[in-house]
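This is what each chain is made of:
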Amino acid sequence: MLKRFEADLHIHTCLSPCGETRMSPRRIVEQAKLRGLDIIGICDHNSAENVACAKKVGEKEGLVVIGGIEVTSQEEVHILAFFDEDKDLFELANLIYENLPGINDERVFGEQIVVNDDDEVLSFNKRLLIGATVLPLHQIVDRIHSLGGLAIASHIDRESFSIIGQLGFIPDGLELDGLEVSPRLSLEKAQLEFGEAFDFPLVTFSDAHTLEDIGKSFTCLLIEEANIKEIRKALFGEDGRKVVI
Amino acid sequence: MKLQEIVRELSLEVRCAAHNLNKQVSGGYASDLLSDVMANSKKDNIWITLQIHQNIVGVASLKELAGIIIVNGREPEEEALKKAEEENIPIMLTKLSAFEIVGRLYKLDIPGMG
Numbered sequence: 583m584l585k586r587f588e589a590d591l592h593i594h595t596c597l598s599p600c601g602e603t604r605m606s607p608r609r610i611v612e613q614a615k616l617r618g619l620d621i622i623g624i625c626d627h628n629s630a631e632n633v634a635c636a637k638k639v640g641e642k643e644g645l646v647v648i649g650g651i652e653v654t655s656q657e658e659v660h661i662l663a664f665f666d667e668d669k670d671l672f673e674l675a676n677l678i679y680e681n682l683p684g685i686n687d688e689r690v691f692g693e694q695i696v697v698n699d700d701d702e703v704l705s706f707n708k709r710l711l712i713g714a715t716v717l718p719l720h721q722i723v724d725r726i727h728s729l730g731g732l733a734i735a736s737h738i739d740r741e742s743f744s745i746i747g748q749l750g751f752i753p754d755g756l757e758l759d760g761l762e763v764s765p766r767l768s769l770e771k772a773q774l775e776f777g778e779a780f781d782f783p784l785v786t787f788s789d790a791h792t793l794e795d796i797g798k799s800f801t802c803l804l805i806e807e808a809n810i811k812e813i814r815k816a817l818f819g820e821d822g823r824k825v826v827i
Numbered sequence: 007m008k009l010q011e012i013v014r015e016l017s018l019e020v021r022c023a024a025h026n027l028n029k030q031v032s033g034g035y036a037s038d039l040l041s042d043v044m045a046n047s048k049k050d051n052i053w054i055t056l057q058i059h060q061n062i063v064g065v066a067s068l069k070e071l072a073g074i075i076i077v078n079g080r081e082p083e084e085e086a087l088k089k090a091e092e093e094n095i096p097i098m099l100t101k102l103s104a105f106e107i108v109g110r111l112y113k114l115d116i117p118g119m120g
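Quick note, the sequences are listed as chains X and E, same order.
Residue 818 in the working numbering is what sits at position 236 of the first sequence, and the numbering runs on without skipping anything.
Residue 47 in the working numbering is what sits at position 41 of the second sequence, and the numbering runs on without skipping anything.
Among the clues, some could well be false.
Listed next, the in silico DSS-like pairs over lysine-lysine satisfying Cα-Cα at most 30 Å (straight line) [to be verified]: (1) Lys824/X / Lys811/X; (2) Lys88/E / Lys8/E; (3) Lys708/X / Lys8/E; (4) Lys771/X / Lys708/X; (5) Lys88/E / Lys798/X; (6) Lys615/X / Lys638/X; (7) Lys824/X / Lys585/X; (8) Lys48/E / Lys708/X; (9) Lys811/X / Lys642/X; (10) Lys101/E / Lys708/X; (11) Lys48/E / Lys69/E; (12) Lys88/E / Lys29/E; (13) Lys113/E / Lys708/X; (14) Lys101/E / Lys88/E; (15) Lys642/X / Lys771/X.
Hints are computed from structural coordinates only; laboratory data are not their basis.
All of these numbers come straight from a predicted model, not from anything done at the bench.
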């Protein structure tokens with residue numbers, strides 16, 4: 583049976599250098615439940631090291647957590663990648679690590695904290711997660727798809743690090759599964775602004791870096807179950823699944 | 007040449023860290039890709055870009071750049087200005103395009119290979 587799921591799939595944890603230190607998976611899950619969300623996605627910059635913990639907390643607390651990464655392409659475009667299976671997510675994460683130069687300077691960019699489900703610090707990630715990979719956009723999208731994931735271009739209404747801001751257009755043949763707009767725009771407004779220019783499904787998520795921002799915007803999906811296959815169907819309006827506006 | 011002389015010669019509007027203009031500029035670097043600036047700019051370079059978000063301050067701080075010129079009359083994001091003040095990185099604005107401002111810097115003998 584089809585049900586409505588309120589999904590905020592773009593949430594950063596304390597692993598992102600720009601994410602608040604308070605953004606532990608436990609607190610994120612608690613806050614998401616308070617906000618009444620049904621599905622959340624964890625998408626740190628170029629890393630997935632807090633995903634397993636978030637899923638564990640989500641399972642205990644009865645909230646669906648989808649594992650993701652916000653990948654930075656060579657063009658400095660942000661792309662959200664989502665997977666059902668951790669092994670596929672980590673395969674993408676490994677490809678990113680192999681192609682991500684630089685060491686983080688915590689003083690300048692912020693700490694990158696890997697935590698457990700009791701909010702204890704396990705380690706500090708030393709990579710330059712705020713940096714760009716040397717992977718071209720199309721290669722990232724192709725890899726996400728070959729691993730069975732969803733590829734959504736981040737916050738296309740923003741100038742910084744968005745595909746529109748960096749390139750000014752969406753290259754022919756780039757098979758995105760959707761375009762995300764930031765909480766500044768409602769989906770109705772986004773449809774008016776971008777719907778005609780771009781033939782891709784539109785979604786909106788919070789891109790939360792602070793607890794307060796979780797659920798600030800979300801996308802309502804009419805699907806049977808909370809998984810990647812169903813979400814893809816909703817994005818493309820297949821089998822009665824859809825994005826509810 | 008010192009940063010403050012460049013500011014005067016090119017009529018730049020200093021928006022941050024105005025007390026930190028006494029630095030000698032080693033050369034210039036123009037790019038809008040942060041990863042490129044991280045890889046190729048040099049200490050005490052003046053950086054010309056159209057990017058206005060706060061990560062430009064992080065990059066300038068990390069690479070110990072002399073300052074950032076933002077072109078095309080673009081207004082930096084508030085967070086960028088706040089961070090630049092904290093990090094003591096001068097942010098300077100011009101209405102000119104990157105090509106034009108780089109040309110004028112070159113005329114002032116600011117080298118590209120500094």
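Straight-line alpha-carbon gap Lys708/X to Lys8/E, limit 30 Å: 35 Å, violated
Verify the proposed pairing of Lys642/X with Lys771/X, using a straight-line Cα cut of 30 Å. 37 Å, violated
Holds or violated: Lys824/X and Lys585/X, Cα atoms, limit 30 Å. At roughly 10 Å apart (the allowed maximum being 30 Å), Lys585/X and Lys824/X satisfy the hint.
Hint consistency between Lys771/X and Lys708/X [alpha-carbon to alpha-carbon, up to 30 Å]: 40 Å, violated
Does Lys615/X pair with Lys638/X here, judged by a C-alpha cut-off of 30 Å? 15 Å, holds
Are the Cα positions of Lys48/E and Lys69/E separated by 30 Å at most? 7 Å, holds
Lys824/X and Lys811/X: Cα distance at most 30 Å? 12 Å, holds
Given the hint that Lys88/E pairs with Lys29/E, does the C-alpha gap stay at or below 30 Å? 21 Å, holds
Does Lys88/E pair with Lys798/X here, judged by a C-alpha cut-off of 30 Å? Given that 30 Å is the threshold and the Cα spacing comes to 24 Å, the pair holds.
Within a Cα-Cα threshold of 30 Å, do Lys101/E and Lys88/E meet the stated pairing? 21 Å, holds
Does Lys708/X lie within 30 Å of Lys101/E when you go C-alpha to C-alpha? The given pair, whose Cα atoms are some 39 Å apart, is violated under the 30 Å limit.
Can you confirm whether the C-alpha distance between Lys88/E and Lys8/E stays at or below 30 Å? 24 Å, holds
Of the numbered hints given earlier, the model fails hints 3, 4, 10, 13 and 15; all others are met.
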